[in-house]
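Asks: Residue numbers (our numbering), protein chains in the order written: chain A, 1 to 160; chain B, 1001 to 1589; chain C, 2001 to 2347.
Think of the hints as simulated: they come from the structure by calculation, not from any bench.
All residues carry an ideal CB built from backbone N, CA and C; glycine is no exception.
Check the hints yourself; a few may be wrong.
As the list claims (entries may be wrong) - What follows is a list of derived Cβ distance ranges for each label pair:
| id | chain 1 | residue 1 | chain 2 | residue 2 | range |
| --- | --- | --- | --- | --- | --- |
| 1 | A | G56 | C | E2005 | 38 to 48 Å |
| 2 | B | H1043 | A | A2 | 21 to 31 Å |
| 3 | B | P1145 | C | R2339 | 51 to 61 Å |
| 4 | C | A2251 | B | P1478 | 21 to 31 Å |
| 5 | A | D55 | C | G2333 | 54 to 64 Å |
| 6 | B | A1070 | A | E57 | 25 to 35 Å |
| 7 | C | T2143 | B | Q1025 | 51 to 61 Å |
| 8 | B | R1252 | A | A2 | 50 to 60 Å |
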Amino acid sequence: MAKIPVQFRLNGTDRAAFVDAPETLLNTLRRSMGDFAPKYGCGQGACGVCTVLIDGEPHLSCLTLSVACEGRQVETASGMANGPELHPLQAQFMEHFAAQCGFCTPGMLTAARALLDTNPNPTRDEVIEAISGNICRCTGYEPIVAAILAAAGSPGLRRA
Amino acid sequence: MLELRKDLFADERDDNLNVVGKGIQRQDMPGHVTGLTRYFDDHAFDGMLHLKVVRSPHASARIRSIDVSAAARAPGVKRVLRAADVPVNKNTLLSLINFGKDDEPSLAVDKVHYVGEPVVAIIAESEAQALAAKKLVRIDYEPMPAVFDVEEALKPGAPVVNETYPANYFEYHERFDHQKLRFGDVERAFAGADMVLEHRYQMSPIEHAPTETNGSIAAPEQNGRFVVHSCAQGLFFALGTAAKIVAVESNRLHFIGGTVGGGFGGKVDSLTEPLAVLGAMVTGRPVRFVLDREEEMLYGSPRGAERIYIKDALMRDGRIVARYIRSYFDAGAYTRLSSYAAIKCTAHLPGPYWIPNVASDVHVAYTNRCPSTAMRGFGITAVDFALEVQMDRLAEAAGMDPMEFRILNAYRDGDMKPHRRKASNTALIECVQVAAGKANWPISEQGQRQSSLTGGGAGERGQIPATVLDARGQIGRPETRQSGPTQTLPAGTSRIALSKQPVMEGARDGRAAPTQVPRYEPARPTTQPVTQPLAPAAYAPQPSPYQPVAGQQPPPYQPPPAPPSPAPAPAAQTQHGAVRFSSVFGRRR
Amino acid sequence: MARHEGRGMASVNYPIGMNLGGDPSQALIHSNPDGKFTVALSAIDLGQGMKQVSRQIAAETLGVPVEDVYVDTADSDTGPHDMGSFASRGTHRMGNAIIVAAREARGVLLEAAAEELEVDAGDLVTDGRGNIHVRGAPSRSITVKATAQAAQFKQGKTIAGRGIFLIPLSAVDAETGEMNPNTAFAHACLVADVAVDDETGEVEVLRMTSAYELGRVINPRMVEQQLVGGAWMGMSHALYETPEPYYPDTAHGPRDFSEYLMPGPGEIAPYHVTVLERPAPDGPFGGKGPGEMCANPVLPAIANAVYNAVGVRVDELPITPEKILRGLKANGGVKPGPRRGGPVNWR
Chain A
1 MAKIPVQFRL NGTDRAAFVD APETLLNTLR RSMGDFAPKY GCGQGACGVC TVLIDGEPHL
61 SCLTLSVACE GRQVETASGM ANGPELHPLQ AQFMEHFAAQ CGFCTPGMLT AARALLDTNP
121 NPTRDEVIEA ISGNICRCTG YEPIVAAILA AAGSPGLRRA
Chain B
1001 MLELRKDLFA DERDDNLNVV GKGIQRQDMP GHVTGLTRYF DDHAFDGMLH LKVVRSPHAS
1061 ARIRSIDVSA AARAPGVKRV LRAADVPVNK NTLLSLINFG KDDEPSLAVD KVHYVGEPVV
1121 AIIAESEAQA LAAKKLVRID YEPMPAVFDV EEALKPGAPV VNETYPANYF EYHERFDHQK
1181 LRFGDVERAF AGADMVLEHR YQMSPIEHAP TETNGSIAAP EQNGRFVVHS CAQGLFFALG
1241 TAAKIVAVES NRLHFIGGTV GGGFGGKVDS LTEPLAVLGA MVTGRPVRFV LDREEEMLYG
1301 SPRGAERIYI KDALMRDGRI VARYIRSYFD AGAYTRLSSY AAIKCTAHLP GPYWIPNVAS
1361 DVHVAYTNRC PSTAMRGFGI TAVDFALEVQ MDRLAEAAGM DPMEFRILNA YRDGDMKPHR
1421 RKASNTALIE CVQVAAGKAN WPISEQGQRQ SSLTGGGAGE RGQIPATVLD ARGQIGRPET
1481 RQSGPTQTLP AGTSRIALSK QPVMEGARDG RAAPTQVPRY EPARPTTQPV TQPLAPAAYA
1541 PQPSPYQPVA GQQPPPYQPP PAPPSPAPAP AAQTQHGAVR FSSVFGRRR
Chain C
2001 MARHEGRGMA SVNYPIGMNL GGDPSQALIH SNPDGKFTVA LSAIDLGQGM KQVSRQIAAE
2061 TLGVPVEDVY VDTADSDTGP HDMGSFASRG THRMGNAIIV AAREARGVLL EAAAEELEVD
2121 AGDLVTDGRG NIHVRGAPSR SITVKATAQA AQFKQGKTIA GRGIFLIPLS AVDAETGEMN
2181 PNTAFAHACL VADVAVDDET GEVEVLRMTS AYELGRVINP RMVEQQLVGG AWMGMSHALY
2241 ETPEPYYPDT AHGPRDFSEY LMPGPGEIAP YHVTVLERPA PDGPFGGKGP GEMCANPVLP
2301 AIANAVYNAV GVRVDELPIT PEKILRGLKA NGGVKPGPRR GGPVNWR
């Protein structure tokens, strides 16, 4: 099967790969580009651990074809911090002990970032809505919701 | 929201610690929030192959034939593994600690025993190619009768689930078809009770559903070894299991793990490591074997479904005088860890209460369901559900408030437990009091005054009673399941030696090793509250405003006659007192 | 059509570590030449916090700042044998092994410092901030860093320690079930407030209030993590989860997170936990382990609260709307139990 070249901007850097037509963005990120922040959890778009931003919108990378990302802007949890400076969401996740096993955390952070980028001061219900596609089996969600609410309105939030 | 009640048990603690007790940030948190934490699947290998298994569509069937020729020729397929390719194709997890017989193949031989049992493994260049080749494997099955219910499985003539245990039960002590607990004389207590309540409870099987599915990557490593990135909950458990099944020395395997995306018990079974290692050995390439979500949900072993019958003898004043429990662990088709859970469950009975007569028969039954395994609270969660709903019923029957009823029957320091060891370090009463207070659930002043520290072990509470034994459930003799008592064991009898002191090697030859954990200077003042000795008052709870429905009035309960000259209870305190950090929290006088 | 509120409770205990013992844990600790310590384990962190618990226990015992301890787990080439992370055994078993190893390493550390300060090692104490000094005379001191450098390059001493903790395996009597099962038990009592809709059969958990006795709390934030997450799982077990809705029929099993029901962030119940500490005589600093038990009291407390609300006993989990509606029908309607207390004393 002939490979197809695909090029997109990943966390601010131009990246390219040769992919099979049905290859998912999740696989390309993990296997070809070495970005292991997005995880495989279900491959069915039901758990959210693979969530990435494509042109600022949250997408499930396990259901997204890599070839569809040509020329787009892809962001993962790996690119949230500005060097050593954590994104306010990352800082608040730490402050609220909002991770245990940590497996859902990159996807959860990305979903929350998508919310705060468009709605910097969400209500609790809006936060819940924003992460309702992300499964966490450890925390009981409460510290995650609290962390996102605490990060909301933070001066460090920046538009993607 | 978490609140620490430092005032309780303060005289048993020294809070003059530097690091312990502080809400310090987790070492792993920076990795979690930056996506840098590496799990087993977050490792890149050049030329990595993918392993997928063909699973049984039948709950019970004979394998007439397997034809893998088309699959072996499929694009990208490097190797097809069958049962005969697995060096040691029969294992049981607890064989590592010499418990139970090997009963489970890595790939099914001749017969399948549950829907989802692995039969053939395909190793291919890509996941898609492995999945495509799976469809080309032709297996001719002859479906056989199956059994799905624990009690049906134990009936004579039930289909044989697991040929290693042909009567569908795990064998305990090579004598019985279940694990027994006998303490006192429950039948006599039932006969003399004001009320007898018996109910049936059923736990659901439950999926662990960790966000990270089970999996591993095995790859050839320098020096003729294999590196294995594993999600195992027990690293050496998985290493030992893989070494046994693929028949290599353990030092040829290099297991790396320790950072796992949730487990809850579902990553104890080494579901993928042995075949991944075998795949890497036969192909000479890295092999990744990861369950997809559907496999994890349907065939990743669930929490076992337990069925529990509880029969309690209750007096009108709220005392429980006997408890008999008959329960069935649904092991599914293979033992895995159910045999262990049944003993853990037995040790847990009758719950955190002191009851003078307790007996139980805990069975592990094989059914044609996916093998169950450990899950958070293994052996306890289901029986706690049953016990505590039963306690709610008993409280109502006695006309008592549920909190008061718990305090009345709670175990205390010094009480003899049915496994013949004295309780110590108990705190159930205090938990009830504090939760009631915080929830604004009023309890009587007398209930408030009770303490785990006092009143326990008094009189018969601290003694091993004369105990009625029976030969119920002898292996291979289902007719004995209803048989009656055979003998009475004298009071005070103990047959199991106390455990020795824990082995704590290392410190004794530490040169100037201080005998105590460090203190910090300047020492902060520590309060030493004076505890008022509380009289072990007989606790008679307040009459409840609501009375139970009047039932029949059996004769008042007569305690069993005192046994002749009860031998003094053996020093039943488990003398495990390992490191006694006397300076830190040793109890002060 | 109405919503009926009810309140139920349950109290439980939980054994810490593998039943019957026989489950060893080992730990190795060594220092860099500048006094930074590495704890090498094969223990597993599956989210419960094994790494941080190990780190705090090691730092406390060594007498050094927690930042100066790094826990490396799990690599079978470098981490010595450990039974694994299950049966609530990590803190208790591994914690004890780490204490043994850290005590040995601390012994060498103090011996090296004593040689530098020309005093008796038995007179030395650590301040937990990276210094070692003579008891009662803080001015006669040396840093852990200088001590480690002297030990390594001048004295030829290995600041290292090894530890194992093993409760020997107990036998079980076939006829009576006599055994030495466990040495430490944690305790809990939990109150659940629920509302039951008598038309839909749906149960909403309004709030939960609990008290847990866990021995020494090694890290209160991580205890909170376990108890809050565990209560969510208990709620999930009680009301939603089953892979076989019509047990024992194995058909119709849910295949993914769309079909396998669990509460989401919208179903969180406010939860208050009070933690009591009655140290375990053989636990590390008295620690027990909350990892598994935190779901257990939730299941029966919710079942009992549902009964208190509408008079329906559900003895087969999960407590689905269908079962509640069938129970209401069998009972001829809602039969609420007595009211139990007033509004909770928190929040």
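Asks: Each of the hints needs a verdict: does it hold here or not?
Replies: Each hint tested on the structure:
no.	hint	result
1	A/G56 / C/E2005: 38 to 48 Å	holds, 44 Å
2	B/H1043 / A/A2: 21 to 31 Å	holds, 28 Å
3	B/P1145 / C/R2339: 51 to 61 Å	holds, 53 Å
4	C/A2251 / B/P1478: 21 to 31 Å	holds, 30 Å
5	A/D55 / C/G2333: 54 to 64 Å	holds, 56 Å
6	B/A1070 / A/E57: 25 to 35 Å	violated, 44 Å
7	C/T2143 / B/Q1025: 51 to 61 Å	violated, 24 Å
8	B/R1252 / A/A2: 50 to 60 Å	violated, 40 Å
Consistency note: the structure conflicts with the earlier hints numbered 6, 7 and 8.
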